[in-house]
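As a plain string of letters, each chain reads:
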Amino acid sequence: MNGQKKRGPRIEPFRHRVETDPKFFDKSWKKLHDAIREIYNHNASGLSFEELYRTAYNMVLHKFGPKLYEKLTENMKEHLEEMRTCVEAAQGGLFLEELERKWNDHNKALTMIRDILMYMDRTYIPTNKKTPVFDLGLELWRDTIVRSPMIHGRLLDTLLELIHRERTGEVINRCLMRTTTKMLMTLGSSVYQDDFERPFLEVSASFYSGESQQFIDCYSCGDYLKLAERRLSEESERVSQYMDVKTNEKITAVVVKEMLSNHMQRLILMENSGLVNMLVEDRYEDLTRMYTLFNYVPDGLTTIRSVMMSHIKDTGKSLVTDPERLKDPVDFVQRLLNEKDKFDNIINVSFNSDKSFLNALNSSFEHFINLNNRSPEFISLFVDDKLRKGVKEANEDVLETVLDKVMMLFRYLQEKDLFEKYYKQHLAKRLISGKAASDDSERSMLVKLKTECGYQFTSKLEGMFNDLKTSQDTTQGFYASASDLADYPTISVQILTTGSWPTQPCNTCNLPPEILAVSERFRSYYLGTHNGRRLTWQTNMGNADIKTTFGNGSKHELNVSTYQMCILMLFNSSDVLTYREIEQATAIPAVDLKRCLQSLALMKGKQVLRKEPMSRDIADDDSFSVNDKFTSKLFKVKIGTVSAQKETDPEKLETRQRVEEDRKPQIEAAIVRIMKSRRVLDHNSIMTEVTKQLQPRFLPNPVVIKKRIESLIEREFLERDKTDRKMYRYLA
Amino acid sequence: MYTPTTTSTRGRVRLNVGGRVFETTSATLASAGRDTMLGAMVDASWNSGVHDDPAEYFIDRDPCCFAVLLDLLRTGDLHVPPGLPEATLYREALYYGLLGRVRSARLGDFDPDRLRLASSVHGRSPGDGVAIRAAPDGGCCVSHGGASGVVRVYNWMLQERRPVYHPAHAPVNDAAYLDASTLLLAARERPGRRDDDGGVSSFSALTGETRHRFRVAHDRQPRSFTATALAFDGGCDVFASCKGRINEYGVAVWDCNTGEQADFFYEPPGCALGEADRLQWLEETNTLMVATMFPRTDSSFVTLLDFREKSVVWSWSDVGTPASIEDKHAVDAVAMEDGRSLCVVNQYDDLGFLDLRKNASGVRWRSRSKLAMSDGKTKKAACGEEACYPKLAAHGGRLFASTGDAISVFSGADHVMTSTLRCSNGGAICDFSIGGDRLFALHGEENVFDVWETPPPPII
Numbered sequence: 001m002n003g004q005k006k007r008g009p010r011i012e013p014f015r016h017r018v019e020t021d022p023k024f025f026d027k028s029w030k031k032l033h034d035a036i037r038e039i040y041n042h043n044a045s046g047l048s049f050e051e052l053y054r055t056a057y058n059m060v061l062h063k064f065g066p067k068l069y070e071k072l073t074e075n076m077k078e079h080l081e082e083m084r085t086c087v088e089a090a091q092g093g094l095f096l097e098e099l100e101r102k103w104n105d106h107n108k109a110l111t112m113i114r115d116i117l118m119y120m121d122r123t124y125i126p127t128n129k130k131t132p133v134f135d136l137g138l139e140l141w142r143d144t145i146v147r148s149p150m151i152h153g154r155l156l157d158t159l160l161e162l163i164h165r166e167r168t169g170e171v172i173n174r175c176l177m178r179t180t181t182k183m184l185m186t187l188g189s190s191v192y193q194d195d196f197e198r199p200f201l202e203v204s205a206s207f208y209s210g211e212s213q214q215f216i217d218c219y220s221c222g223d224y225l226k227l228a229e230r231r232l233s234e235e236s237e238r239v240s241q242y243m244d245v246k247t248n249e250k251i252t253a254v255v256v257k258e259m260l261s262n263h264m265q266r267l268i269l270m271e272n273s274g275l276v277n278m279l280v281e282d283r284y285e286d287l288t289r290m291y292t293l294f295n296y297v298p299d300g301l302t303t304i305r306s307v308m309m310s311h312i313k314d315t316g317k318s319l320v321t322d323p324e325r326l327k328d329p330v331d332f333v334q335r336l337l338n339e340k341d342k343f344d345n346i347i348n349v350s351f352n353s354d355k356s357f358l359n360a361l362n363s364s365f366e367h368f369i370n371l372n373n374r375s376p377e378f379i380s381l382f383v384d385d386k387l388r389k390g391v392k393e394a395n396e397d398v399l400e401t402v403l404d405k406v407m408m409l410f411r412y413l414q415e416k417d418l419f420e421k422y423y424k425q426h427l428a429k430r431l432i433s434g435k436a437a438s439d440d441s442e443r444s445m446l447v448k449l450k451t452e453c454g455y456q457f458t459s460k461l462e463g464m465f466n467d468l469k470t471s472q473d474t475t476q477g478f479y480a481s482a483s484d485l486a487d488y489p490t491i492s493v494q495i496l497t498t499g500s501w502p503t504q505p506c507n508t509c510n511l512p513p514e515i516l517a518v519s520e521r522f523r524s525y526y527l528g529t530h531n532g533r534r535l536t537w538q539t540n541m542g543n544a545d546i547k548t549t550f551g552n553g554s555k556h557e558l559n560v561s562t563y564q565m566c567i568l569m570l571f572n573s574s575d576v577l578t579y580r581e582i583e584q585a586t587a588i589p590a591v592d593l594k595r596c597l598q599s600l601a602l603m604k605g606k607q608v609l610r611k612e613p614m615s616r617d618i619a620d621d622d623s624f625s626v627n628d629k630f631t632s633k634l635f636k637v638k639i640g641t642v643s644a645q646k647e648t649d650p651e652k653l654e655t656r657q658r659v660e661e662d663r664k665p666q667i668e669a670a671i672v673r674i675m676k677s678r679r680v681l682d683h684n685s686i687m688t689e690v691t692k693q694l695q696p697r698f699l700p701n702p703v704v705i706k707k708r709i710e711s712l713i714e715r716e717f718l719e720r721d722k723t724d725r726k727m728y729r730y731l732a
Numbered sequence: 001m002y003t004p005t006t007t008s009t010r011g012r013v014r015l016n017v018g019g020r021v022f023e024t025t026s027a028t029l030a031s032a033g034r035d036t037m038l039g040a041m042v043d044a045s046w047n048s049g050v051h052d053d054p055a056e057y058f059i060d061r062d063p064c065c066f067a068v069l070l071d072l073l074r075t076g077d078l079h080v081p082p083g084l085p086e087a088t089l090y091r092e093a094l095y096y097g098l099l100g101r102v103r104s105a106r107l108g109d110f111d112p113d114r115l116r117l118a119s120s121v122h123g124r125s126p127g128d129g130v131a132i133r134a135a136p137d138g139g140c141c142v143s144h145g146g147a148s149g150v151v152r153v154y155n156w157m158l159q160e161r162r163p164v165y166h167p168a169h170a171p172v173n174d175a176a177y178l179d180a181s182t183l184l185l186a187a188r189e190r191p192g193r194r195d196d197d198g199g200v201s202s203f204s205a206l207t208g209e210t211r212h213r214f215r216v217a218h219d220r221q222p223r224s225f226t227a228t229a230l231a232f233d234g235g236c237d238v239f240a241s242c243k244g245r246i247n248e249y250g251v252a253v254w255d256c257n258t259g260e261q262a263d264f265f266y267e268p269p270g271c272a273l274g275e276a277d278r279l280q281w282l283e284e285t286n287t288l289m290v291a292t293m294f295p296r297t298d299s300s301f302v303t304l305l306d307f308r309e310k311s312v313v314w315s316w317s318d319v320g321t322p323a324s325i326e327d328k329h330a331v332d333a334v335a336m337e338d339g340r341s342l343c344v345v346n347q348y349d350d351l352g353f354l355d356l357r358k359n360a361s362g363v364r365w366r367s368r369s370k371l372a373m374s375d376g377k378t379k380k381a382a383c384g385e386e387a388c389y390p391k392l393a394a395h396g397g398r399l400f401a402s403t404g405d406a407i408s409v410f411s412g413a414d415h416v417m418t419s420t421l422r423c424s425n426g427g428a429i430c431d432f433s434i435g436g437d438r439l440f441a442l443h444g445e446e447n448v449f450d451v452w453e454t455p456p457p458p459i460i
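Residue numbers (full-length UniProt numbering), protein chains in the order written: chain F, 1 to 732; chain Y, 1 to 460.
It is worth saying that the hints were derived from the structure and are not from the lab.
For glycine and all other residues, C-beta sits at the position ideal for the given N, C-alpha and C.
Any given hint might turn out to be false.
As the list claims (entries may be wrong) - Using C-beta positions, here's what the derived DEER-type ranges look like:
#1 Arg213(Y) - Gly210(F): 32 to 38 Å
#2 Ser45(F) - Val21(Y): 23 to 29 Å
#3 Glu97(F) - Ser48(Y): 21 to 27 Å
#4 Ser45(F) - Arg213(Y): 29 to 35 Å
#5 Arg74(Y) - Arg174(F): 41 to 47 Å
What the hints assert, rightly or not - Cβ-to-Cβ under 8 Å is the rule here; a few derived chain F residues that face chain Y:
#6 Ser45
#7 Glu50
#8 Tyr53
#9 Arg54
#10 Tyr57
#11 Asn58
#12 Tyr69
#13 Met112
#14 Asp115
#15 Arg122
#16 Tyr124
#17 Thr127
#18 Lys130
#19 Gly274
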């Protein structure tokens with residue numbers, strides 16, 4: 001104790017005591033507390049923002065941040081409790097309005113409170129990872145009001161009730177709906193989803209499930225789809241009016257599921273009004289609607305497509321296999337074209353030119369056209385009909401589009417080589433008989449075939465055109481070289497290159513001497529100008545115009561075939577001839593001769609010859625004489641030949657055989673090409689490769705391929721592998 | 001003073017700030033934004049009952065700073081009169097909610113060729129700094145060596161925040177900013193200690209609090225480890241080069257949102273992944289560069305890892321390269337931002353380049369450094385003082401290399417030197433970092449770092 005006294009004056013370390021007002025916080029908080037109350041009471045005009053801001057600033061500066069935050073939370077909660085009581089007390093329809101009003105009040109107040117506490121928002125809150133003031137206010141609103149037990153369910157029920165009323169046709173206050181859902185969205189997407197969207201979707205699902213049950217039984221498919229379309233657009237409109245944009249997708253999915261997906265099969269296959277009916281009756285509008293709506297449904301379009309496909313296949317099959325239809329090839333193809341047009345239109349108009357639908361259409365056509373193996377012939381006949389002279393379609397553009405359409409059908413053919421055969425025959429007939437309507441159309445058809453199948457396919461056809469052109473020149477040259485031919489009948493020779501033209505059995509008949517003389521002159525002229533060629537007369541293909549004077553004095557020019565000419569010329573020297581005499585004199589093959597005589601003697605109105613007896617069949621001893629009573633209104637009389645345009649059954653068989661025969665070298669060539677590059681290959685691979693290579697022309701039969709392989713092995717182009725019998729080896 | 005007498009006074013505002021009267025328009029004040037004090041003050045919600053024109057407000061703050069800030073609002077230009085301490089200005093700006101504006105008016109877009117020394121900051125730590133990292137917002141942190149485990153953190157105003165102490169004061173090897181408020185540290189575990197004190201942790205850069213420890217497990221067994229280098233892919237993955245006690249070398253990956261380990265890339269033979277000097281995420285190629293350099297190891301290794309396929313995409317090492325007379329070693333490596341080439345530097349400041357698009361290529365060394373030639377002083381200084389190995393950085397298409405007490409900037413495809421940054425005090429530069437529109441250079445001595453920034457471009 002004493003020691004202490006002896007010490008000198010004690011020097012206290014200088015301390016700066018910060019004397020804070022112990023009531024600083026309470027005073028400051030009271031200021032803010034009062035201000036907040038005024039703000040909530042819409043009485044903020046007397047408040048000084050600067051002062052309040054500074055007060056809050058000082059509180060944060062003096063480390064009262066946590067306490068301030070805590071007090072603020074409490075205080076706001078109190079105000080919200082008051083609001084809650086008001087909202088709860090609101091009656092019936094006023095409930096939403098009261099909620100909206102309080103929400104606006106709270107929002108306004110919250111903005112101002114945030115303004116006052118801005119400094120805290122910038123400093124204390126981020127450092128301490130607290131919720132910013134504005135978000136805090138929203139959270140408190142959510143927990144105190146929106147999710148309070150008395151309001152939560154009531155709010156949802158009110159909203160759903162209003163939506164239901166609107167669905168049943170009433171007019172509701174959409175504005176109020178919008179502010180309410182907007183409030184939920186402001187509180188966070190999870191609040192909107194949990195407290196409104198999900199229940200809304202559930203209620204909608206049951207509403208539409210009920211409605212669809214009610215209407216599917218009594219509505220036709222078209223009407224039902226109209227309803228669904230209307231409902232969908234209504235829902236979209238509703239969302240755009242007062243819901244979150246993202247709900248659109250979800251509610252659309254609900255409506256689609258309840259109204260369409262769940263009844264898809266039933267709707268599409270509905271009897272008397274389903275898809276098939278719409279297709280048959282060309283109901284474009286309904287089809288468009290169906291396409292658009294089922295586009296939303298998973299597998300919807302696939303189902304529509306497959307139903308459409310089977311419908312096309314069925315109708316197509318009944319069309320191509322109907323024996324009635326086979327009688328008229330032109331009508332047959334025209335029907336196919338009509339069918340194609342019909343579905344092309346449907347797809348373009350109603351199905352949005354959907355690629356997959358077009359593909360389905362193509363594959364269906366491909367399927368049923370090849371069900372009838374006469375399709376290639378018929379299509380060629382159809383083209384023949386169109387390109388023949390005198391066909392009414394004078395307009396080349398129309399013809400061109402028809403040809404384009406035919407090319408579509410041609411594409412579907414598997415046996416394109418068969419078509420080529422027929423086309424060649426028909427073209428030859430057209431060209432030789434001079435019946436080709438227009439060179440341009442013929443050539444344009446050739447170009448189409450060329451672009452479709454390549455140069456090879458049409459090279460011979462082009463050769464035929466060239467032959468005709470050179471023939472003309474040659475004939476002119478012939479007459480220019482010989483001036484002494486005026487007394488002879490005029491001939492026009494068409495020189496056909498062997499190979500380019502469909503092969504015909506060479507049935508040379510005995511030409512009348514007048515013609516024979518000119519022909520021989522021509523032969524020597526031609527062989528004189530061209531070395532190393534051989535001329536064979538194809539008398540079965542020519543025609544002639546003969547001037548005739550009948551016994552009754554009537555004069556006519558008869559247009560007949562070369563054979564018929566030979567027959568008629570015989571009557572220049574004799575009055576009556578028996579069949580046998582005619583046959584001996586002309587050496588025309590019996591079948592053709594009979595046909596010619598039939599057309600000369602038995603065709604009504606064109607009976608140039610008289611037959612004894614007057615029966616249809618021609619026997620060896622039947623006699624013929626010139627019909628002196630022949631009359632005709634026309635000066636020029638065309639005597640047709642009794643010949644079927646369509647092939648007869650034996651002819652058909654023959655053509656088929658020829659085609660099969662032609663295919664053999666093609667298959668062999670393909671095999672050799674493949675083996676040459678691959679050297680060693682197994683059986684299955686050869687099969688697939690050969691099929692792939694030949695597909696553009698025809699679909700080779702596997703049995704035939706196998707036979708060709710065996711033949712190639714025999715001829716030592718290939719050999720079987722010694723160990724693996726399934727492997728083939730190319731022998732160079 | 002010119003006062004328009006005829007025009008209406010609509011929108012005019014009279015402010016009395018600490019006794020000085022300012023007149024301006026409410027539009028000028030509102031231009032600060034609704035979320036600032038001035039913007040809120042003139043907002044309609046606070047002026048519902050007031051109709052006098054011009055509106056009058058009293059603000060109980062310092063008028064000198066307000067004058068500067070009002071000028072900023074009017075012109076967008078920050079002019080600080082001499083004698084006005086920056087700290088005061090920042091404080092006032094924070095009061096008005098204008099700090100962000102002040103920052104963007106003060107710091108122009110980073111342009112390496114127009115850099116200006118803004119300040120040199122003297123630290124107070126006992127040990128010299130070993131690493132410096134720029135924060136995305138313009139702040140930085142300095143890691144100090146030795147056993148202190150302290151990382152000093154500065155905000156963009158270069159005011160020091162509460163430092164970050166690694167738990168148990170484990171020595172910090174590398175630091176990285178996950179975002180402006182989150183700092184990652186990689187620390188060495190110290191031998192002999194039982195508790196796992198090393199590894200990777202995240203801290204709040206604002207308060208210094210520990211946020212999360214990133215753990216590594218091998219065969220589902222959590223293991224302690226030393227982390228040497230860090231990288232962040234800018235999305236959600238954090239990478240660290242890790243060395244476990246039982247030779248678990250490799251690169252660990254964590255998801256920075258969950259903090260859980262996502263992957264571990266074990267070191268394959270011929271690569272060095274476990275004690276890398278530098279990790280760099282290459283955005284262009286989605287790969288991670290791992291560089292382990294001399295003198296940490298006897299040879300230098302650079303590896304590119306693809307974590308999607310868990311494969312080594314590219315690697316290079318100078319193992320087996322015949323040592324030249326000078327005994328050159330690559331001491332730092334950085335991948336150029338386009339992901340096509342890699343730049344290395346040796347201890348004699350020579351730059352070398354490697355093609356990242358093809359494997360097994362050699363280094364194309366640049367002829368004996370223009371860096372060194374350009375400055376004889378560096379050599380001398382290096383003789384006298386403690387030398388620092390050169391460091392590299394790539395930013396904005398430029399290449400940066402530290403040499404002695406200077407940093408050189410190389411531009412263009414041919415990497416022509418376009419600028420040199422030098423500030424003499426503090427000796428050689430031991431580390432530097434670029435970010436938040438600033439370049440920070442840490443000196444090897446005197447515990448000082450330089451801050452380089454680009455002034456806003458002149459108006460005309």
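Handout entry: Beta-carbon spacing of Ser45(F) to Val21(Y) - inside the hinted bounds 23 to 29 Å or not
Key = For Val21(Y) against Ser45(F), whose Cβ atoms are near 24 Å apart, the range 23 to 29 Å holds.
Handout entry: Satisfaction of the Tyr124(F) interface hint, Cβ to chain Y closer than 8 Å
Key = At about 11 Å, which exceeds the 8 Å cut-off, the nearest Cβ of chain Y leaves the hint on Tyr124(F) violated.
Problem - Interface hint for Tyr57(F), Cβ within 8 Å of any Cβ on chain Y - result: holds, 6 Å
Exercise for the section: Just tell me: holds or violated, for the beta carbon distance of Ser45(F) and Arg213(Y) against 29 to 35 Å? Expected result: With a Cβ separation near 54 Å, Ser45(F) and Arg213(Y) fall outside 29 to 35 Å, so the hint is violated.
Practice task
Would you check whether Gly274(F) satisfies its interface hint, that is, whether its CB is within less than 8 Å of any CB in chain Y?
Solution key: Violated - the Cβ of Gly274(F) stays beyond 8 Å from chain Y, reaching only about 51 Å at its closest.
Exercise for the section: Starting from the hint 21 to 27 Å, judge whether the C-beta atoms of Glu97(F) and Ser48(Y) obey it. Expected result: holds, 23 Å
Practice task
Report holds or violated for the interface hint on Asn58(F), using the least CB-CB distance to chain Y and a cut-off of 8 Å.
Solution key: violated, 10 Å
Exercise for the section: For the hint on Tyr53(F), just tell me whether its beta-carbon gets within less than 8 Å of chain Y. Expected result: holds, 6 Å
Exercise for the section: Classify the hint on Asp115(F) as holds or violated, based on whether any CB of chain Y lies nearer than 8 Å to its CB. Expected result: holds, 4 Å
Handout entry: Per-residue hint verdict: Glu50(F), partner chain Y, C-beta under 8 Å
Key = holds, 6 Å
Exercise for the section: Report holds or violated for the interface hint on Lys130(F), using the least CB-CB distance to chain Y and a cut-off of 8 Å. Expected result: Since chain Y brings no Cβ nearer than about 13 Å to Lys130(F), farther than 8 Å, the hint is violated.
Exercise for the section: Double-check Arg122(F) for me: the hint is only fine if its C-beta lies closer than 8 Å to a C-beta in chain Y. Expected result: holds, 6 Å
Of the numbered hints listed earlier, those contradicted by the structure are 1, 4, 11, 12, 16, 18 and 19.
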